[in-house]
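Keeping their order, the protein sequence lines are chains A and B. Each number in our numbering comes from the position in the first sequence (counting from 1) with 698 added on. Each number in our numbering comes from the position in the second sequence (counting from 1) with 698 added on.
Any given hint could turn out to be false.
Claimed, not checked - Here are the computed lysine-lysine pairs in the BS3-like style, where the Cα-Cα straight-line distance is at most 30 Å: (1) A/K702 to A/K773; (2) A/K803 to A/K773; (3) B/K764 to A/K773; (4) B/K764 to A/K803; (5) B/K702 to B/K764.
What the hints assert, rightly or not - FRET-style restraints, in silico, Cβ to Cβ: (6) B/Q722 to A/A816: 45 to 53 Å; (7) B/Q885 to A/Q914: 28 to 36 Å; (8) A/R899 to B/K926: 44 to 52 Å; (9) A/K773 to B/I761: 48 to 56 Å; (10) B/S743 to A/V895: 54 to 62 Å.
To be verified - Far from chain B, by Cβ distances over 12 Å, these chain A residues were calculated: (11) R729; (12) R859; (13) E869; (14) D910.
No lab work stands behind these hints: they were computed from the structure. These numbers were taken from a predicted model, which means no experiment stands behind them. Ideal Cβ positions, reconstructed from N, Cα and C, are used throughout, including at glycine.
The chain contents come next:
Number of protein chains: 2
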Amino acid sequence: MNAKILIVEDEPAIQELLAFNVTQAGFQALRAEDADSAWQQIRNSMPDLILLDWMLPNTSGVILAKQLRSDARTKDIPIIMLTARGEERDKVLGLESGADDYITKPFSPRELMARIRAVLRRHVPQMPDEVVAAGGLELSPASHRVTARDATIELGPTEFRLLHFFMTHAERVYSRTQLLDQVWGTQVFVEERTVDVHIRRLRAALEPAEMDSLIQTVRGSGYRFSVK
Amino acid sequence: MNAKILIVEDEPAIQELLAFNVTQAGFQALRAEDADSAWQQIRNSMPDLILLDWMLPNTSGVILAKQLRSDARTKDIPIIMLTARGEERDKVLGLESGADDYITKPFSPRELMARIRAVLRRHVPQMPDEVVAAGGLELSPASHRVTARDATIELGPTEFRLLHFFMTHAERVYSRTQLLDQVWGTQVFVEERTVDVHIRRLRAALEPAEMDSLIQTVRGSGYRFSVK
DNA sequence: AGCTTGTGTGACAAACATGTGACAGAATCA
DNA sequence: TGATTCTGTCACATGTTTGTCACACAAGCT
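Using the sequences plus the hints, can you model the full thing?
Below you can see the structure in the form of structure tokens.
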């Protein structure tokens, strides 16, 4: 189960070089030349880390990084920025870019791999893939699967993230707005009532297992996942 | 103690529109037409958030944003950029601007307010809502629950706020007017007698647990929550 | 006791919040 | 590409909450 690393770089030569090094080190290399193909790759295979060129054709790397950070689905993926020599370290690691680390071109393969490993290691404690269990439900982010008493529960992506958030934040009320921020991401603008509909869909999916009562309505405040 | 929002916009019509929406939503609106008057306002009243037009007469909005970011006193004030449709999303969120979010003109009031609230929420770490316990009752703002001897007590939003206020201000008499200010808020106008009715409803909810005597009537003065 | 003032109580309509089914467009898949 | 799922939004149904009232009741005063 080696980590997937997405390389976002428009220069074919450098992309090739990176891919070679990464593969050589036992990781799985994914490639993209611009922001669009990067998103496609991300949707398809959820990389564990992104090597991102500071300068990209259309959207620059910084913008892509920001977008990644503001989307609930991708905000936890670590990013290493690739910069030309001139670039200021401060800018790269500053607030604006959501980068975890950066490396200057040209780089030595050894340094590159060292940084990749360091970032991955630093990121492991977050354990985004840990199985969560609460109230008779079991949710596994890694396999994207939910089980209740041996019965598998089918959920759409949004319902899945919603349930995941609830299970990791049980016994606490969240307003529709908070849920939108946490589950949808801050840059997405949707109606608050959309939350209601997704709550309903989630309940409907949990109902066959008689688990729908885990998600409670708190009138005037929001919703709560509770095992009590 | 509602948030102050500084509107920096040279177009009078748009400034007016923004101020209207902001005020309507219960915020306090400050206005400025250019960078100079903006700084003046900022020095005078330290807004909690700045709505900043991308294009301004002398200094452009981006420059002002940069200046704000480089001043220790103002670098933490969140900024929402107002841009014309043509403007590149990339530029706005890029390194240059220190913006926290942006919105494109023309905008819907709803979206504007949603973004303002989202940014404010992100920037004001809400104080930890601690569990309050008094007289055998336990009230948890976070989970929005009230318990009396293992029995859950169901309360409507207003009764909940009322009880919360009482529990955090026990042993002291509050007049109907004071309670209206504290629990209902100063903006709302309701009859004083309404307090009586809510007190009654609260007592009714506490009665099954024999906790209704915690709320005492002080004839001619008001009500008191007392554990003695 | 009578009178005055303050508080308890049940009822009620309007306002409000949430549940629910349907639908069209977007994203995804084969 | 066309088929299929997923999403966000709406309109309507349902259910709660809220503020007010009218009247009953209680307490204090002369």
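Quick one, are B/K764 and A/K803 close enough, alpha carbons at most 30 Å? OK: B/K764 and A/K803 at ~28 Å, within 30 Å.
Has the hinted range 48 to 56 Å been met by the Cβ atoms of A/K773 and B/I761? violated (30 Å)
Is 44 to 52 Å respected by the C-beta to C-beta distance linking A/R899 and B/K926? Hint holds: Cβ distance 50 Å, inside 44 to 52 Å.
Assessment of proposed distance window 45 to 53 Å (beta carbons of B/Q722, A/A816): Once the Cβ atoms are compared, 50 Å apart, the range 45 to 53 Å for A/A816 and B/Q722 holds.
For the pair B/S743 and A/V895, does the Cβ-Cβ distance stay inside 54 to 62 Å? violated (41 Å)
So A/E869 supposedly isn't at the interface. Is its beta-carbon more than 12 Å from every beta-carbon in chain B? Violated: least Cβ distance 5 Å, not greater than 12 Å.
Within 30 Å, alpha carbon to alpha carbon, are B/K764 and A/K773? holds (25 Å)
Next pair to validate is A/K803 with A/K773; report whether the Cα-Cα distance is within 30 Å. Status holds; Cα separation ~25 Å.
Compare the distance between the alpha carbons of B/K702 and B/K764 with 30 Å, and conclude whether the hinted pair is satisfied. holds (21 Å)
Since A/D910 was said not to touch the interface, does its Cβ keep a gap of more than 12 Å from each Cβ of chain B? Consistent with the label, A/D910 stays out of reach of chain B, its closest Cβ about 19 Å off (over 12 Å).
Taking 30 Å as the top limit, are the C-alpha atoms of A/K702 and A/K773 close enough? holds (16 Å)
Quick one: work out the minimum CB distance from A/R729 to chain B and report holds if it exceeds 12 Å, violated otherwise. holds (22 Å)
Against the hints set out earlier in the document, violations occur for numbers 9, 10, 13.
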